[in-house]
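Participant: If you want the building blocks of each chain, they are given just below.
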Amino acid sequence: MVDLKALTESVGELDEEKVLEVLDSFVATNPSEEDAQQVVAACQSGMAIVGDLYEKGEYFVGDLIFAGELLTNAINTLKPVLGSTNTASAGSVVLGTVAGDLHDIGKNIFKSMCEAAGFTVYDLGIDQPAEAFIDKIKEVKPNIIGMSGVLTLALEAMKDTVDAIKEAGLRDSVKIIIGGNPVTKEACAQIGADAFTTNAAEGVKICQGWVK
Amino acid sequence: MSDAVSLSNERTQMYKDLYRGNVPTRIPVSSAFTLDAMILYAGMDIAEIYWDMTKAEAVFDKVCQDFFSDSMPGGTRRYPSFYQLLGSKPFIMGSTGTMQHPNVMGMGPEEYDEFIASPYDCIIEKILPRLYTELDSDPFSRALALAKAARAHGEEMATTGMIAGKMRAKYGFAAIPGNATTAPYDFMADFFRSFTGISKDIRRIPDKVVEACDAITPILIKKGKIPVKSEYGVTVIPLHMAPYMRTQDFEKFWWPSFKKQVDTLSEMGINVSLFVEHDFMRYLDHLYELPENTIMRFEYGDPKLVKEKLGKKHIISGFYPLMLLHTGTKEQCIDKAKELLDILAPGGHFMFDFDKNAFDLSGNIVENLKAVQEYVYLNGRYSEAERAGNTEPKPRVNRTDEIIAEIDANMNSKYFSTWSQYKEKHTELFERLHSVAAPKIEKFEDVMFNFIINLCS
Numbered sequence: 001m002v003d004l005k006a007l008t009e010s011v012g013e014l015d016e017e018k019v020l021e022v023l024d025s026f027v028a029t030n031p032s033e034e035d036a037q038q039v040v041a042a043c044q045s046g047m048a049i050v051g052d053l054y055e056k057g058e059y060f061v062g063d064l065i066f067a068g069e070l071l072t073n074a075i076n077t078l079k080p081v082l083g084s085t086n087t088a089s090a091g092s093v094v095l096g097t098v099a100g101d102l103h104d105i106g107k108n109i110f111k112s113m114c115e116a117a118g119f120t121v122y123d124l125g126i127d128q129p130a131e132a133f134i135d136k137i138k139e140v141k142p143n144i145i146g147m148s149g150v151l152t153l154a155l156e157a158m159k160d161t162v163d164a165i166k167e168a169g170l171r172d173s174v175k176i177i178i179g180g181n182p183v184t185k186e187a188c189a190q191i192g193a194d195a196f197t198t199n200a201a202e203g204v205k206i207c208q209g210w211v212k
Numbered sequence: 001m002s003d004a005v006s007l008s009n010e011r012t013q014m015y016k017d018l019y020r021g022n023v024p025t026r027i028p029v030s031s032a033f034t035l036d037a038m039i040l041y042a043g044m045d046i047a048e049i050y051w052d053m054t055k056a057e058a059v060f061d062k063v064c065q066d067f068f069s070d071s072m073p074g075g076t077r078r079y080p081s082f083y084q085l086l087g088s089k090p091f092i093m094g095s096t097g098t099m100q101h102p103n104v105m106g107m108g109p110e111e112y113d114e115f116i117a118s119p120y121d122c123i124i125e126k127i128l129p130r131l132y133t134e135l136d137s138d139p140f141s142r143a144l145a146l147a148k149a150a151r152a153h154g155e156e157m158a159t160t161g162m163i164a165g166k167m168r169a170k171y172g173f174a175a176i177p178g179n180a181t182t183a184p185y186d187f188m189a190d191f192f193r194s195f196t197g198i199s200k201d202i203r204r205i206p207d208k209v210v211e212a213c214d215a216i217t218p219i220l221i222k223k224g225k226i227p228v229k230s231e232y233g234v235t236v237i238p239l240h241m242a243p244y245m246r247t248q249d250f251e252k253f254w255w256p257s258f259k260k261q262v263d264t265l266s267e268m269g270i271n272v273s274l275f276v277e278h279d280f281m282r283y284l285d286h287l288y289e290l291p292e293n294t295i296m297r298f299e300y301g302d303p304k305l306v307k308e309k310l311g312k313k314h315i316i317s318g319f320y321p322l323m324l325l326h327t328g329t330k331e332q333c334i335d336k337a338k339e340l341l342d343i344l345a346p347g348g349h350f351m352f353d354f355d356k357n358a359f360d361l362s363g364n365i366v367e368n369l370k371a372v373q374e375y376v377y378l379n380g381r382y383s384e385a386e387r388a389g390n391t392e393p394k395p396r397v398n399r400t401d402e403i404i405a406e407i408d409a410n411m412n413s414k415y416f417s418t419w420s421q422y423k424e425k426h427t428e429l430f431e432r433l434h435s436v437a438a439p440k441i442e443k444f445e446d447v448m449f450n451f452i453i454n455l456c457s
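Protein chains in written order, with the UniProt record's numbering: chain F, 1 to 212; chain D, 1 to 457.
No wet-lab data here; the hints were simulated from the structure.
Check before you lean on any hint, since a few could be wrong.
[As the list claims (entries may be wrong)] Over 10 angstroms on every C-beta distance to chain F, these chain D residues come out as not near it, computed from the model:
no., residue
1, 8
2, 108
3, 129
4, 157
5, 168
6, 195
7, 199
8, 203
9, 244
10, 289
11, 301
12, 358
[Unchecked claim] Lysine to any residue pairs mimicking SDA-like chemistry, simulated, CA-CA at most 20 angstroms apart:
no., chain 1, residue 1, chain 2, residue 2
13, F, 159, D, 363
14, F, 185, D, 327
15, F, 185, D, 323
16, D, 200, F, 75
17, D, 443, D, 177
18, F, 56, D, 363
19, D, 16, D, 367
20, D, 252, F, 175
21, D, 252, F, 3
22, F, 18, F, 3
Keep in mind that this is a model prediction, so the values were computed, not measured.
C-beta atoms are modelled at their ideal positions from N, C-alpha and C, and glycine is treated no differently.
My request is simple: use the sequences and hints to build the entire structure.
Facilitator: Rendered as structure tokens:
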């Protein structure tokens, strides 16, 4: 069996070569699904370390992007031994960049970190009108809505989206978090979101607090 | 001399003083508006004006009439016409009309060697056809698409140039020639490898990233050349990726090629103006190493610390939080301006500007912007005593011709010729015409070079 603690550390150190080497030899032993799930959990714990180092200012956005890539590669390597049983999801998030804004780097980082934390994420994409959020809420009944944007005009679109969710009678069924460069406490209150963040790792923690 | 001309001269002199490290008569004030916000202010449709720049004159006129600024507000180089004609992926118009840059990848990680061998060839042959769908076609359609786009670009530039001329003549803005270029690592990231791609490359193929940045540096120096001869040209470089990297990565991948670029532009007699985007507080010691009187507009950080570390050698600007204009009261906005002036104005080396430019007019921005600009105009004045240390500016070193000749000679591209390379191949051109032909041939080689690099940044 893999040294889970060492694996977690390697993921935390973003040592891709080492992580993939360990996982490749693990997969070659034809392990049980249960063992494989433990290895996944160890990788996810590594991502939590990455998040902490980011919050401490030791890692930066570029490192988070690479961490997301590393985790995707790790999970793909493990896929053949993971089987088809669905593991329990931590919760579900409908995520999108709001209307008028085409930026998605921050959204994608948040997405990969949410997935690493065990959330099921429905990513709508960029430049998404309020109706797209509403249709998806009706379809998948998520716990959380994540709205992202970089331009200041995104704040207006976030407010329109929250208003439309209210009008559709869906506001009480979801928590709403907004993220991106222009969001602030004041903007959050004005928009009517439940939380705001400019830090993906912190955003994931907020979401985890909501689904506990 | 008309009022506008003498006002323009006076304003131009303020900038000239600053750029040579002297204390100006007063602190220059900039507008906070992007062209998008200006169009909204004029009550017009952003998308429509971007498509038909002839209508922008009314927009500029209204904003210049209603708001104070020492330099011309607004301006863009992102015209939808040529992007549309080329089937652009890196720059597209969002549903509100604002031109935006999605995360695109024009170059694969396996193409570094080819890029390093000849960046200009790799850009033309491999990268542009991926970024622009109309260039991913048969050679004839491709040639026609590029010709249409270059023509459209030229026309849009001429239209905005004409409007700028009119506004300058009417409102007496400062006349300082300018250009823009990109930092080498940012250039590799923005359109080629993408934010996500390059963040992986520096871990997987670090040496190739360094070599690619070195290979593109001369091209990006050439791109930043001031198009007219001037003692006071300013080349803007918006800085992008550095705050998103660890310091050790920044020092290895981002900084060396950038430093070389700025040093060389300085040797070309240019004042480089950096838009220091996001948080550069980790890098103040690096910024200090840049040539004297480099202009740095900060988006974020501690103005006191920046003044202390850089304020005697460089020209500081920015820091004013735009968001406050949207959300604050008039009093709060003026207090903030006063606070920044108190910190940054003493001893000169300071221009007033905002941390970023406005794209929309939400909240109280219109009234607050007017109040802040008026406050700085009235209170940002230097006394004779404060200006007593000013010295006669020495002529600057200007090695432009030599530097550009060397870059051109080393372009190593099938698609770029210096005049001497050209005339060797084209013996049909009568020698007696060489002196008149050479400037034209060189000019259009450079026009296309600038257009091509513009499409990549």
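Participant: For every hint, state whether the structure bears it out.
Facilitator: Checked hints:
Residue placement check: residue 8 of chain D keeps its beta carbon more than 10 angstroms from all beta carbons of chain F (closest about 32 angstroms). The non-interface label for residue 108 of chain D is consistent with chain F: the shortest C-beta to C-beta separation is roughly 15 angstroms, beyond 10 angstroms. The Cβ of residue 129 of chain D sits about 22 angstroms from the closest Cβ of chain F, beyond the 10 angstroms cut-off, so the non-interface label holds. Distance check on residue 157 of chain D: its Cβ is at least 25 angstroms (rounded) from any Cβ of chain F, clearing the 10 angstroms threshold; non-interface status holds.
Residue 168 of chain D, annotated as away from the interface, keeps every beta carbon of chain F farther than 10 angstroms; the closest lies near 29 angstroms. Against the 10 angstroms criterion, residue 195 of chain D falls within the reach of chain F, whose nearest CB is about 5 angstroms from its own CB. Remark: the non-interface label on residue 199 of chain D conflicts with the geometry, its nearest Cβ contact in chain F lying 4 angstroms away (cut-off 10 angstroms). Not every C-beta of chain F lies more than 10 angstroms from that of residue 203 of chain D, the closest at about 6 angstroms, which undercuts listing it as non-interface.
For residue 244 of chain D, the non-interface assignment is contradicted: its Cβ lies about 4 angstroms from the closest Cβ of chain F, within the 10 angstroms cut-off. Residue 289 of chain D, annotated as away from the interface, keeps every beta carbon of chain F farther than 10 angstroms; the closest lies near 21 angstroms. Every CB of chain F lies more than 10 angstroms from the CB of residue 301 of chain D, the least distance being 14 angstroms, so the non-interface label holds. Its beta-carbon lying about 7 angstroms from the closest one in chain F, residue 358 of chain D breaks the requirement of being farther than 10 angstroms from that chain.
Proposed proximity of residue 159 of chain F and residue 363 of chain D is supported: the alpha carbons are some 14 angstroms apart, at most 20 angstroms. In summary, the hint linking residue 185 of chain F to residue 327 of chain D is supported, as the alpha carbons are separated by about 12 angstroms, within the 20 angstroms threshold. Using a Cα cut-off of 20 angstroms, the hinted pair residue 185 of chain F and residue 323 of chain D holds, with the two alpha carbons roughly 12 angstroms apart. At roughly 17 angstroms between alpha-carbon atoms, residue 200 of chain D and residue 75 of chain F fall within 20 angstroms of each other, so this suggested pair holds.
For the hint linking residue 443 of chain D to residue 177 of chain D, the alpha-carbon distance of about 18 angstroms falls within 20 angstroms, and the restraint holds. For a cut-off of 20 angstroms, the pair hint linking residue 56 of chain F to residue 363 of chain D is broken: about 34 angstroms separates their Cα positions. For the proposed pair residue 16 of chain D and residue 367 of chain D, the alpha carbon gap of about 30 angstroms is over 20 angstroms, so the pair is violated. About 42 angstroms separates the Cα atoms of residue 252 of chain D and residue 175 of chain F, which puts this hinted pair outside 20 angstroms; it is violated.
Between residue 252 of chain D and residue 3 of chain F the alpha-carbon distance is near 33 angstroms, which puts this suggested pair outside the 20 angstroms criterion. Taking the CA atoms of residue 18 of chain F and residue 3 of chain F, the gap is near 12 angstroms; set against the 20 angstroms cutoff, the hint holds.
This entry does not satisfy hints 6, 7, 8, 9, 12, 18, 19, 20, 21, going by the numbered hints stated previously.
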